[in-house]
Structure formats: structure tokens, C-alpha cells
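Colleague: Put together the whole structure using the sequences plus the hints.
Spelled out from the first residue to the last, the chains are:
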Amino acid sequence: MNELKQICKDALSEKKARFIIGYKEDKNKRIKPFIAKTPEDAEQLTFNHHAVNNLAVYLPRFKNNVEGKIGIVVKSCDLKAVTALIQENQIKRDDLFIIGVNCSGVVLDIAKEFNKDNTQIKCKYCQAKTPPYYDALADESKDFEMPDDDQAELMAKIDKMTSDERLEFWNAEFEKCIKCYACRQVCPMCYCEKCIVEKSEPQWIDTSSTARGNFSWNIIRAFHMAGRCIGCHECERACPMGIPLTLLTRKMGMVASSEFGYRHGMSLTEPTLIGTYSTSDKEDFIK
Amino acid sequence: MEEKFEPKIAAFVCNWCTYTGADLAGTSRLKQEANARLIRVPCTGRIDPVFIIKAFENGADGVLISGCHPGDCHYNAGNFHARRRWILFKNLLDFIGIDSSRLYFSWVSASEGKKWVDIVDGVIDAVRAKGPFKQYKKMNKEIEIPVAAEEGVSVK
Amino acid sequence: MKIGVFVCHCGENIGRTVNCPEVSKACASFPGVVHSEDYKYMCSDPGQNLIKQAIREKHLDAVVVGSCSPHMHEKTFRKACASAGINSYMVEIANLREHCSWIHEDINQATKKAIDLMRFAVERVKFNQPLETIKVPVTKRSLVIGGGISGIQAALDIANAGFEVVLVEKEPSIGGHMSQLSETFPTLDCSQCILTPRMVEVYQHPKIKLLSYSEVEHVEGFIGNFKVTIRRKAKSVKEELCTGCGLCAEKCPIKKKALSEFDEGLSNRPAIYVPFPQAVPNVPVIDRSVCTYFKTGKCEMCKKVCGREAIDFTQQDTFVTEDVGSIIVATGYKLYSIDKKPEDSIYKGYGEYGYGKFKNVINGLQFERIASASGPTSGEMLRPSDKTVPKKIVFIQCVGSRDESKGFSYCSKICCMYTAKHAMLYKHKVHDGEAYVFYMDIRSGGKNYEEFVRRAIEEDHVNYIRGRVSRIYEEDGKLIVKGEDTIAGLPVVIEADLVVLATAMIAQQEAPKLAQTLNISYDKYGYFQEAHPKLRPVETNTGGVFLAGACHSPRDIPESVAMGSAAAAKSLVLFGADMLEREPIIAKVDATTCAGCFYCQKVCAYNAIEKKEIRDRLGNLQKVVAFVNSGLCQGCGTCNATCPSKSIELIGFKDDQIFAQINAFAEV
Amino acid sequence: MKLGYYPGCSLNGTAKEFNSSLKEVFAALNVDLEELNDWSCCGATSAHVTSHILSVALPARNLLIAKKQGLNELLAPCAACYSRLVSSQQELKLDEKMRMKVEDLLEEKVTNGLQIINLIQIFQKIGLDKLKEKKQVDISKIKAACYYGCLLVRPVDIALPDDMESPDSMEAIIKSIGGKTVDWNFKTECCGAAHSIAHTDIVEKLCKGIIDNAQKHGADVIIVACPMCHSNLDMRQLNIIKHYPDHKPIPVLYLSQLVGLSMGIDEKKLGLGVHYISTKPLLEKIKSDALPTEVKKEVPAPPVSNDKIKKGVEA
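If you read the protein sequences in the order shown, they are chains W, V, X and L. Each residue of the first sequence is one higher than the one before, starting from 1 at the first, in the working numbering. Each residue of the second sequence is one higher than the one before, starting from 1001 at the first, in the working numbering. Each residue of the third sequence is one higher than the one before, starting from 2001 at the first, in the working numbering. Each residue of the fourth sequence is one higher than the one before, starting from 3001 at the first, in the working numbering.
Since the hints were derived computationally from the structure, they do not count as laboratory data. Errors might be hidden in some of the hints.
[Unchecked claim] Negatives, chain V to chain X, calculated, CB over 12 Å:
1. Gln-1032
2. Ser-1101
3. Ala-1126
[Claimed, not checked] Output of the computed footprint for chain W on chain X, the stretches with three or more beta carbons under 8 Å from beta carbons of chain W:
4. 2149-2163
5. 2283-2290
6. 2637-2650
7. 2655-2666
Quick reminder that beta carbons are idealized off the backbone N, C-alpha and C, glycines included.
Modeller: Given below as C-alpha cells:
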């Protein structure tokens, strides 16, 4: 713990970063996002299994930054969002001071202790404890044996359904949607100033929470995330209605990987999936 | 339901290849079924997947999308970008349960009038065999009921 | 909005299967339609007058015509409406002929479909906007890349028409491969004698700016308005001071280290050199890779002997930018390197022919130099190894050409002719010599070409053997050529003194890089791609960029010259007007909602998306958004479909226009 | 390293010395050879000129055996065996119909994934550095002409990855053990192959050409990696001597024999005594200290030397 504090303290006092976006523990012992502006503030920074938030969501607001570097504490999954944001011109690498933390998993329910039954889905198939790049690295991880990837099993189950059954499954899920757009607000990749759902001339999506509107919204949201979602699972965490949104985004990620061998947010230099093409992209479905 | 079901097909076609190919089919007087309605766009690259959803929302039983063959795009690469989008979108629709046999893609060049007729007739036959797109139409119906329904619950 | 609807019978063409009066009646009930009528021939003068009259009388804002394909008469109706005071982009065509009456038989079905198509068009036109054609000014200046015969021809034609030309050549002199040739087929006139006057003409032409030893570095802009950055490589010689006396080259102590590029490696040249005596410009360059001064800091012999103090060892590469309206690419070809393992090549080469291993196995250009009066042997037929006269010479055609396993599947086109020429030149110089040609087929299409080959066979008694050579090896100073005579069905072994390989013409290695700089396409061999193989053979897919000569595909001299002139003509057509007119179907960004992700930039095939900074009044950066360069945008709309927030829209095919059509589908 | 071993008919018959030298060399290099159980003919010569399906099915049977024995790599030292095995494997991969026919014949499913390697490839696999390390005897006094023949480098793209027309992978191996090679012109010229039996006159003429060219370029020995090449060049030299009186005999060695010599393995174990053309002068030349070659020439070695000669002459 001292290590992270020390790194941040040094970074702030040596002016390597203008401020640091990190986590602190509030008086109710909850972990919350926190911006440390002074070396004294840095004392409060912390990291543990309850540091679930993807702080990259704050970065696009600094895309026209001119003053000095922005420090940010990232897990390896969060770093993918940072990478993607850099690739999509939402922040510049030079404007960032990235403090990576080794992470061994975060909780699903922040009110409970971290254990086998209280683990985020993404951690169950996470392959990188350590962020692939950083400016400083704090080691906060402990060995922890991950439970099985039950989401993958569910996906396989859905894959086996007939299309009518699938439609029924999703209709039942989308039925819950109240169009609060929490999924969008919490998503680091949803940085548009005006979302397509807010476009009224012409209107793309019914804004009322009808079956048709919910259906369109969720399809379009998933499609806009195709090849872009970095899999932080914040949308599902934020959804007050408990819709398994990551099933969709993860599926699109798997398609990107199986069809194009592509994984978003893994490399700063690899071209993005959307916006590029290969002349040999599969076309067996085209007559 | 009508006694004999006739599907409605929305076709999005690019101006340079398929639209011209369909013109050729006309000039050659190649007879075809009358269920498809063409919407002309400059390039398949212009086709947003939302068009497809919108078409279903507006009662289409099937959607056909067609453009220049790879490498022949009037705009160099529009169809390559489109193809990549389609792969993703098709997989997404599959996963959500929109029957992929209601969505067709093809490459038809300006000289392939015959191919265009075969494709249009083929799609119409296939969708006719599947019957109306009830699942989607059900969703559409719900929206027509006023919000203050009898049970006093908002419409799902 | 007041919309007028006009349904054309097209004689019987539409009327036979579509009940036009009924369609017209149905359309009259569409919201917004204030006028609806049908007529036998809408495109005729009386038909057009009906439209004009209705526009004037009913003060229409928009017009929908149900007629033939928009590809036929959209322009006609737009013009008619414009003359009656409606913006031409407020006109929509519903295709009732090609897409309806001609392809259906049932009148009820066809009429129903026709009404639907009319509804689509009516709904769409409600969202149309008045648009003006885009006018772009033209810079009446041309850039020609490559100073071979094709580029020279293009440059002279444009300059003689009175427009300025910038001619860029990467070598120290213009002239290209043609300057290396001894004689040309089928007339056997001296290549340099016909070329040199052209080169001088280029040099002296007041409208031609010649930039030798230079390369195109960067191109931006679009048709009529290119901005080209050119790297002028350091010659180490001040061009304006040099008189071309040649004393520096004569005194240069480095004589043997560098192989002459002009003589295809058959002779040596000094470190400071002009490629050949007739070079244009006649200004030497220093090859810094071999120059003693650049290696050790000592020598400066050239500097000492130059009376004009033109030598400048400190010279650096410089960059110049030129504004031009058109670009002609004439970068030519090179010969396939047939060594056993050609460097940087995916091709396998011809190890069995021993090129690069045996001194007396040479390629066609090397033979040209040996035959040339200005060549290393002063035109005497002497073989490279021991400078003796070869008494038996073997020519092998199609080395690399028409050979998918080891080279390329295309035909290099000129080898049949130049091999016949080589054999003749040889026989004319070595009367008692024997010449053999191994060929697959003789392709001598061209004026006087076939006669020329027959002359080689019948008058000069060149032995033509139909078959391939399997192997060449050296034994006691002789080259043993083993091949097959497929007509006699016998193996052939020839003990030759010299072997000449007609190796394939291939694209320049840097061609793909230049294609990317110019944003034009190239084929799998690296040859530049024309816009249409039949009808637009010198144009590329990028407006204002034209092709000339062997950079497009193997070409002989007359073809290269013709193509140079054709490309020049294409440029001159462009320069005929002061303004270029373009359809206003281009993308437009809504800067207020653009989030600056620049996916539009990634999908744009025309580099039409730029970054634009939005600043407040104090000059503080507010945001960076996409901006469409209307000169470059071609209107495909891929950006529109890609934009997640729909902040970029294709004017003329905006989302609301297309949605209106899709929404109209509900009533189908 | 362990790999499967398919000796084929030659290595148990006319090319026994190839077999023994291989085993010696690989023992020294710690390579275990596991012979295929119950292997059958590879389909070369007689089978593949009379029945195409047989020429695919016979190798396929052997490949199946290898797979069942749990082998991933299979060494086929004979170039003809090697060529048949890779060709058959390729054909089964590309030709669906042929695969089904063969499966019918073998009454078994054909599987893929076995890597077939020849003598040159195994040395490359072991690593030329390793051969260099094992070198004990200086063989730099003799000059070798490497003869590839037809089957080592063909069919192109599936056989040894080398230039089909002027290969040089054997040269690289010999250089690594400190040997010298000559640059000559008949590396891939035809030796007459199976005409050895029916048209000995043609074979003699072709072999004479090959040998002459090697000698002309200063070779003391011809190195081969194919039993067919070897029998044509070595055995037929006896007749060549008969028909061309001024023919100078030259020993023909397997690549494995030369590698074995460089490792200091006993000549007998390498089978150097069973050649038709005596290898003695060659061995003496290797052993000789820096004596000028002219001196050695004064003592001409007997052209043929051992008991095998009688059989040869009789034949």
C-alpha cells in the first residue's frame, strides 16, 4: 500500500503529474474515485479488491489538456480503455502519467468481502495481472485462485438455443430496461457529446422504454461497442435493472477475435478494427 | 393474417453496381417478383446497420443488401468497410436471435442483371417460406397501444 | 412544402403494365402533394413544359417524376425544373420503368409497386435541400514524375500548349531507359539520335522547370489543386555555377570503385560523374558513398580543379513545394533481377541460368550497352569476360515473363521485338557469328513488327528455336546452354560464347510507396492501376492524376510516347476551364456534436477528412473536430455510416432522407 | 531427440553401408531412431509407374503406422522413399477423392500431421553448429562434389526447401564439418535412375558425364544422399571402366559416411569397405599430412579392391 502512496506522492511533488485520479476509502469504508491534487492528498490514495471503478471514464474530459500531465491509477483492464481512448483521439499518451497496479481481481458486490463468490466476471478470464505498459507500477496483488468462468458457460448455452429462444431470452432481459442510460454514462468508450439516442432529426431510436425502443437501443449500443469494447464490465455493474449487458459486448469481442484476430485496447500501434479492413475478410455469407 | 402471405423486402443497393445491375435487368426485361422495394444509396459503405433495424421496425419481413464486388467499389474501399461492419452486425443479430435468414447480402455488378433477378427471387422465396416476421412485428405492435393501458401499467 | 408529382407512361413502356392514371390519382392523396398528373412522354418537350407550367402555376417547392431510371433522365428533369425556378436537387425520380414496368407482368402488382416507389420518392423529397454545384479553381500547371521518353513527351506537349510543367527526375539526368538503347525496333534508328534533341528541348523550354536528382516526397490537395513537396537530393555541385566542362570527373581519383548505372554495371565511373555525355542537365553529382572526401575528409580534387568553384561538399537535401493542377506519373520500369536469390524479392529467380555468376550471361539492357556506340566497348561486339568477339550467341526470351512458377504471369511485350533486334545487330556486326533465339511464341503485334522478325530470321539467318532452356553452365570458357527444341522434339545443347536473357519488365520497387503518396491504386505486380481498362486507360481513380508509359504495364517506345501525349491531353482538358464543377454530394460535419474520434478519417478512402481546431474568442482550444475537404470528398458516405454520433452526414443522402424512405416502407 | 525411421528396401540391401553409417552417426549425435513396425514398400519405381493409387496408398500405410507408433517425425534416408512419402502426404491433403479411395483400401482413416524428413533435413535440424562441435578429423584435404540427383529437391515446394536447379544445402553441411566442396555443373543432372537394370548403357553414359564433370572441377569424391544415385555412380563405374579405358575411378560416399569420418568414427563401422570403387586412396588422402598431391599420385591405388568386386564383375 505504501508503494502506491509513495509513487503518487513522488509524482505529485516532482510535478510528474498535475493531479492523480485514483481511489480512496471514505468514512463508510467504501472505495470511491478520488482526485489527489497535492502530495498530502496522495496519503489518502489506496487500492484493494474493492477498487472496481474504471477511472478511464474521466479521461475524455481532458482531451484538450494543455497544463500538465494527468496521473491515473489503472488496473490492466482499465489500461485497455486508456489505450483505446488514445487510439480514438480522446486523450494523448503524452498527457498521461499512468500508474499501473498489479491486480488480482475485484469484487462484484462492493458491500461484501472479496471471495470466490464475489468476483467480477471479467476477472475470471483476465489474463493480465500487470498492465502491459505504465509509467510507474505499484504491486498490490495477492495470489488468488479464480473461480470458473460461468459467463462463458451461459454464452455457450445461448449459442445452442434456437433463434426464437434467443430472441425470447433477450426480450425478457430488454424488457427490464428503463432507458436510464447508466450503461452509457459509466462506459469509458461512450464519450460522444451527443449520443445517437438523443438525435431527434431524424430520430434513430425510440426513446420511450417500449419493447421496440429497448431492443433497438441495446442492439445499437452493442454494435457501437463492437470491436471497441475493452471489457471492463462497468455497464453491467451500473445497470440498475440487472441486464446482462456484458454478454453482448463480450460476444462482440469474441467475434472480433475469432473473425479478425483482433482484441481492442491491447496495443497502441495496432490499427483499430473499425476503420480498417482486409481484402480477405470472410464473406461466405455474401452471395 | 392474410390468406396468402406476401413478404415485404427492403433492399438497400449501391448506386454504381447493383442499382445499375437492376436497371440492366429491367432493360433486358428479366421478369421478377414484385415484393422488393429498392432504396438507392451511393455506396454500401453508406449503409448503417441501423437502416436494417429501421426496416424491420417498419414492417420488412426481409432485408437485402447489395453492392459492388470487392475490389470494384466505385469509391475504392467502401464495400470493404461495409463488409467488416456486416460481419460484426450479423453475428450480433444472430446472438440476439434475429433470424439470420431474414437478412441477405450480395455482390451484384452493373453487368449482372441476371444474377440480381436470381437473388431477388431467391430472397423473396426464402422469406415467403419463413412467413411473416412475427417476432419483430409483435414488438412493433406493442408500441401502438396507448401508454395508459387498462392494467395501468406502462407497456413493455 | 408543395410537391408536384408527374407520372410518365413512357409511351407504352410504363403504361402497359402500370396503370399510370391510377398511380397519379394515388399520389394526389399523399400529404404534401398539391399537383399530380400523368403524361405519355414526360421527357419530351411538351412533357417538360407540363412540369414547368405546374411549377409556375402552383408554386411548387419540389418535384417527383415517376419515369425511367434516374441514370437516364434525372439530369433532364433537374434541368427542366431549374429553368422553372426550382433548385435542381429538389427533384426526385421514382424508377417506374427499369425497376417496375419492365420486370413485372401483373398490372395490379406493378401498379401497387409503382405507388410505393412514388411514395418513397415523395417522402424523400420532403427532406431534400436546395444545393449548389461545387466550383473549385484549377491551378493550370502540371507535375510530371519521371523524365523518360513518356514523361518528356507529356511535359513537352503541355508546355507547348502554353502551360507550365514541373518535371521531376530521380536520376542526375533525364532520358530514362531509352537513352541506354543502341538502336530501336523496327527501324533500327539510333535511339540517342532521336532522343537527345527532345531532352535538349525540355531543358531549354521556358515553360518547363526541370528538377533532376529529385523525388516526390509528399502530395496533398486534390484535382486542380495539388501541393507537392519535392526532395532535391544534394548533388554536391552548385547547379547555377557549373558549366559542365567535365574536368572534375576527369581528375577524380576514384575511377574503379563505382559501377556505371548507365552502362548497367559493365563499366566504371568516377565518384563525381554525369551519367552519360549527352546528359541533361549536364551537371555532375557526387556519389557520396564512394567519394574519398566524404569517406576520409581528404582529397577535394574536384574542388581544386573546378574553375567555377561549383563544388559544394556541404550541400544538403532541400525541399521545394510546387502548386499544380494535375500530376502525370511516368516512372517507368526496371528489369527483373534474375540472380539466384534476388534481394528483397519474393520471386525465385533463375539460378540455373547463372546470371550474376557467369560474366557472359547478361540481360537485354547490358546487351544494348555493348551494342551501343557510346557503350563500354564503343559499339564493338565484345563479351564482358575477356573482351573477345562472341562467335556463338544465345538469346533466351521470356525469362521471368509468362512464367508463374519463377516470375510473373504477364507478357513483357517488348522482348520478342528487342531480341530480334539484338540478334540482327549482332549479325550485322559479327558476320560469321551464329545467333540462336529460344522462344515460346513470337508476339510481334505492331506496325512493321512481324516483318521485322521475319527479316531477322530470313535475311539475317538468326536461328529461332521454339523451346525453353533448362540450364546454363560454364565449361572451359564456353557457356553450355541446354534446352529443348519442342518442334523437333529433341534436346539441344549449344556451346555459346555469350548468352543474353530477355528478362521481364517489372514495376519500379518504389512504385507502391509512390502510389500511396499519390493515393492511387496499383496491381499485384506494383504496376499502377488505370481507372477503367477500356475507356479510361490513362486516368487513375484519383482525379487529376494520370499515367504514362511503362509504369502502367510493359510498353514499347511508341506506346509510351502515345500514352505521354494522352496524359498530357487529359491534363489540358482539365486546364480548359477556370473552375471545376462537382456534384454537391459531399459529407458535412456537425462540429457541435463531433466528439473527435476520427473514425471518419480512418474509413475515408480519399483523405478528405481533416482535423479542425475550434477555439473560443480568446484563442483557447475548445475542441478538435473533423472537417471535410470538399475538394477531396467523393461522396461515398462511408463516414456517415461509421460515425457513432451521426455528426457527419452525406449531403443529398442524409439520414433523414433515407429514413423517410424506410418509414414510408411501413405503408407498403 | 527421437525420431521414426523408415529404412525402405535399399537400406537393408544394396545400401547397407548407408544404413550402418546413419546409425553410427546418429548414435554419436544422441539421436534415437525408432524403426517403423512392419513397414512396407514405399511405392517407388514399380508401383508408381503402374498404379497411381498404389503409389499413394503404399506410403499412406506407412504413414499410418508411424502415427500409431506415436511418432511426429519420420526419417526417410532414401531419396526415393522420401519423395514418395511427401508426395503421397501432399496428395492426400489436397485430393479429397483420392483420400477416400485410399481410406477404402486401407480400411482406416488417414490422418495428417507427420513430418517427413530426409538426410539433409535431419542434419539441418540437429544444427550445423552441433556437427561442427563433434568434428574430430580434419577432412579439408579432400574436395567433394555434392550430387543431389532428382528426388531430393523435387517436387518443388514440398520437398527439401532449396533451389531446384542449383541446390546448395549439402555443401553447407560439408562446410560445417570443415570439408571443401567444388563448384560444378552436374549437381542435378540425371543419373539414369531405374534404367540401371534395363538400360545399363544409358546409365553408364549419363554417369560418365556426371563423374567427368565432377573430376574436371577437381573433386576427389562424390557425395550423395540417395541409394539409387549411389548404386548408379558407384556400381556402374565398373562397367564404365570397361567401356572407357581412360576412366579415372572416383569413390562415391553417402553424406552420412563423410559426416561419420569427420567425427572420427571407425571406417569399418561406416561401411567404407564395401564400395565397388575403393575408398582407400580417399581415406589415405584424408589421413596424409600436408604432402603435395603429386607425390601421392605416383602410387596409384588399385581401382577396385575388395571382395565385392568379384560379384560386381560377374554381374
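Colleague: All hints, please: hold or fail.
Modeller: Against the structure, the hints come out as follows:
{"no.": "1", "hint": "Gln-1032", "in the structure": "violated, 5 Å"}
{"no.": "2", "hint": "Ser-1101", "in the structure": "holds, 20 Å"}
{"no.": "3", "hint": "Ala-1126", "in the structure": "holds, 19 Å"}
{"no.": "4", "hint": "2149-2163", "in the structure": "violated (count 0)"}
{"no.": "5", "hint": "2283-2290", "in the structure": "violated (count 0)"}
{"no.": "6", "hint": "2637-2650", "in the structure": "holds (count 5)"}
{"no.": "7", "hint": "2655-2666", "in the structure": "holds (count 4)"}
Of the numbered hints listed earlier, those contradicted by the structure are 1, 4 and 5.
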